[in-house]
Amino acid sequence: MESNNDKKLELNPDSLKILKNRIYLMERENHKTKKYKDNEMVERIRKLIEAEVDKNDN
Amino acid sequence: MFNNDYELKGKHATYIRFLSATTNRLDKTAKAAGIINTAVDIYAIAPLIGLAYNKKAAEDNSSNDTYSILASQIINHQADLDFAFRLVMLADNSTELSSDEKIDRAFRKDEQLEKLAENLELFHQYMRGGLEWLYEHFTDGATTKEDYLEKVYEVVSLYKEDFSIDD
Amino acid sequence: MIIKSIALNNFRQYKGAQPPILFSTDKEKNVTVILGVNTSGKTTLIQAFEWCLYEKVNFKTRDVLNIEVARAMGLYTSQEVYVEIVLIHEDKEFTIRRTQKFTKSDADKIKAERSVLKIQYKEDNGEQQAVPSYECENTINKILPEALSDYFFFDGERIADINNRGDVVAAVRGLMGLDVIGEAKDRLDPHKASSVTAKFSKELDVGSDQKNNKLKNDLTDAQTRLDTLNIRKNEVKDEIEYYERRKEELSAQILANKDEKHNQDKKLSLEKDIIQITKNIENTESRIVKDFTAGAIKFFATPLIHRAMKVIDEAKYSGEGIPHMRSAAIDFILERKKCICGCDLSKNEGARENILFEQSLLPPQHLGTILHTTKDTYKRYLKEAQSFCETILENHTEYRNNRNYLGEKMDELKNVSAKIQGNIDVAKIEQDYQKNEKTLKDKRELLLKISSDIGATEKEIAEIEKTIERLTIVSDKNERLRKCIAYAKAVYEWLKAGYDKQEKEVKERLLESVNNIFEKMYHGKRHVTINDRYQIVLMTLLDNDEVKTDESKGLEAVKNFSFISGLVDLARQKAHKGNDVTEDEDIPVNTEPYPLVMDAPFSNADEIHINNISRIIPEIAEQVILMVMQKDWEYARPALEDKIGCSYFIEKINNSDTNSVIRRIM
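Chains as they are written, first to last, in the working numbering: chain D, 1 to 58; chain Z, 1 to 167; chain A, 1 to 666.
Hints were generated in silico from the structure; no laboratory data involved.
Hints should not be assumed to be uniformly reliable.
Straight-line Cα separation of at most 27 angstroms, DSSO-like style, residue types lysine-lysine; simulated pairs [unchecked claim]:
#: 1; chain 1: A; residue 1: Lys101; chain 2: A; residue 2: Lys56
#: 2; chain 1: A; residue 1: Lys375; chain 2: D; residue 2: Lys34
#: 3; chain 1: A; residue 1: Lys101; chain 2: Z; residue 2: Lys55
#: 4; chain 1: D; residue 1: Lys55; chain 2: A; residue 2: Lys489
Simulated DEER-style distance windows between Cβ atoms [claimed, not checked]:
#: 5; chain 1: A; residue 1: Ala351; chain 2: Z; residue 2: Met1; range: 12 to 22 angstroms
#: 6; chain 1: D; residue 1: Lys34; chain 2: A; residue 2: Asp221; range: 51 to 61 angstroms
#: 7; chain 1: Z; residue 1: Asn4; chain 2: A; residue 2: Asp376; range: 28 to 38 angstroms
Each residue gets a CB set at the ideal place from its N, CA and C atoms; glycine is no exception.
Bound conformation, chain D alone (with noise of 0.2 angstroms):
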């Protein structure tokens, strides 16, 4: 579901080390605690995706 006018976007190389890691760590964790449920983790993840977003835009 792209939309029509899709620039070629600029990701910051150190926001996606960062998200990576995160995101990773986060997964690893959650796997072995299984301490959310997926709906929480997809959540969770979306906030570390929009907050470097946003930390890039400002």
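Model the placement of chains Z and A on the given structure of chain D, informed by the hints.
Using the frame of chain D, we list chains Z and A on its own:
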């Protein structure tokens, strides 16, 4: 008497024409006083004025002017003319006649045939005199129709005064 | 993870508190052997691990409590079952104890309370720190996830199934941490509807850009319209100003010409008056003549009348004749020649003369009568003369007055006319004024309408701007979403690459590992391949072709064992290499070496295989804990002897199945 045309001559013709309103009726631009309706009226009035002022005038032939009063008019005004005539006959003092005689000539016109022409001439003399008086007074300081009309009162007032009428 | 010890109390056939089984943690002699006869409780030890860590049992709960203890319980008394494991995980020493209380509620009923898990770990300073109860389960999962436990608490009886079970895939993945990556990958997989990426995408407002453009056009249109309206508004304002000035001008003109109008009106009025007066004058003129004419004779006769009356009075004939005697009557008498008195007139001349004389008094009317009448008439005329004068005066006065009046009016008219400019048509000015007023009204209404339109357009613009802003927010939102999606995808790609790579590696290594082990055991005659489902397929080299061979049970066991070992080996390698899933070094991944706890690993193997396996075992795990039957041990011992760190013996008390003890041998 008073059943034929009567013709005025000379200045009297002019005068009567001047005084008659008929003149104005016939011709609005006519320089006429027109203060008495018709010539026949004047014919009846003038003798009285003439007698009052003891003014007689003979027929005039200083001009060729004539003015005819038609028989029809005269006959229509017979009463007035008779009245005027009688009055002149009675009131005239230019003769030595007695009162009775005056009455005779005033009322017995039929019997006074030979005198009739004389009397009529007297009448006409006074008439002419009256015309002159009228003319004189109506043209005195009057030149316009308005003047003439206003003169009516003046003339009447003058006459009134001269003969102490109304006193 | 290394297991240090396990202590049991009343756990199944282990009556009472057992001394803790201390496992060898030595790097060289890393094997702990627990010997026992059948049903002595070897399996129970595994079960103890599983119960303690996961509360996992494949027996009924009641059977947790030692039967003898249970029977011996007095009414309303309680007994405790616990298992305590001490292990080292990530350099921390954990003490995990699960306790379950049992109470005898009546003669045969024993009520079990919920088990309580308590975990403590030793701090760096030596202090024990309790893990909060809600964290305990998590902690255990971190140490040794339950899903993996099947592979490290190796149940020989069940081993046959292992390789065929589908969750091998999961297990391997779990081991390698691939499951984490897999989950993470799935979590971000754009093709999965539940993924983060998909959720971001779903929130993209696709239409907004198109809408945005349309709105921008609408906005431009509206602004253009607004500009036009404003220009028009100003134009109309100017026009109004012009017309107002014109109004003033016209007003001034009207005012200035009020007099003119007044005069013009007056003139008209005067003219009307003059006409009327003129008419009156004409009438008066007529009357003057008429009245004069009518009364003149009588009037002018007046002085004469007086004289005449005098004459009449003086006359002798004033006497009357015979009243009512007519001349015709006398004619008759004369004719008849007889008088009324009877006198014969033909003979009396004097009488005849007298009669004739009398007749003369009567031509038709008696003179006296005539005179009388005349006098009456005269008297009447005199009277009339009076009113004549009045009438003449009246007429004269009226004439005079009217003429004066006329004169006045004409003077006025003259004056007024003089004042009139004549060429100014005041009526027209007034007309113009009225027209101007109307135009002004129309323009004012137009202005109102334009203002209203401006208001509406401004409102429209505000609405559009608001919508644009909203869409911009959406667009901004879209922007943000796209960025999020981009990041999510990037992370996904990275995870996917990593996963694929890793899986490939895992397979390769596993294959390598397993083949190594097999090699060690079978010297190259056989080796295995691993399919996509991580199933091991034994291949035998037969005339240069590799063919899938059927497997004997023993071989099966070996195969399975190799697989497990391969996994463990892999884990160990990973742990030591410090390898991680990621390409960059930043993310530390802890893949600890796992101990191998095996219960009757040799049960299905023959002695050769036992031997083979035994040789391999110590090399593939950090720590090996073997539960073996005495008889199997005989075959294994030689290979493992050097590696044994500790050994125990499970003894049945009185051959009871319900009472075992663990004794240390070595």
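Against the structure, the hints:
1. Between A/Lys101 and A/Lys56 the alpha-carbon distance is near 17 angstroms, which keeps this suggested pair within the 27 angstroms criterion.
2. The hinted pair formed by A/Lys375 and D/Lys34 fails the criterion: a straight-line CA distance of about 165 angstroms is larger than 27 angstroms.
3. Pair hint A/Lys101 plus Z/Lys55 does not hold up; C-alpha atoms about 184 angstroms apart against a cutoff of 27 angstroms.
4. Taken as a hint, the D/Lys55 and A/Lys489 pair is honoured in the structure, with Cα atoms around 18 angstroms apart against an allowance of 27 angstroms.
5. Taken as a hint, the range 12 to 22 angstroms is violated for the pair A/Ala351 and Z/Met1, whose Cβ atoms sit roughly 35 angstroms apart.
6. Separated by about 58 angstroms at the C-beta atoms, D/Lys34 and A/Asp221 satisfy the suggested range of 51 to 61 angstroms.
7. Between Z/Asn4 and A/Asp376 the beta carbons are some 30 angstroms apart, a value that agrees with the proposed interval 28 to 38 angstroms.
The structure fails to meet hints 2, 3, 5 from the earlier list, while all remaining hints are met.
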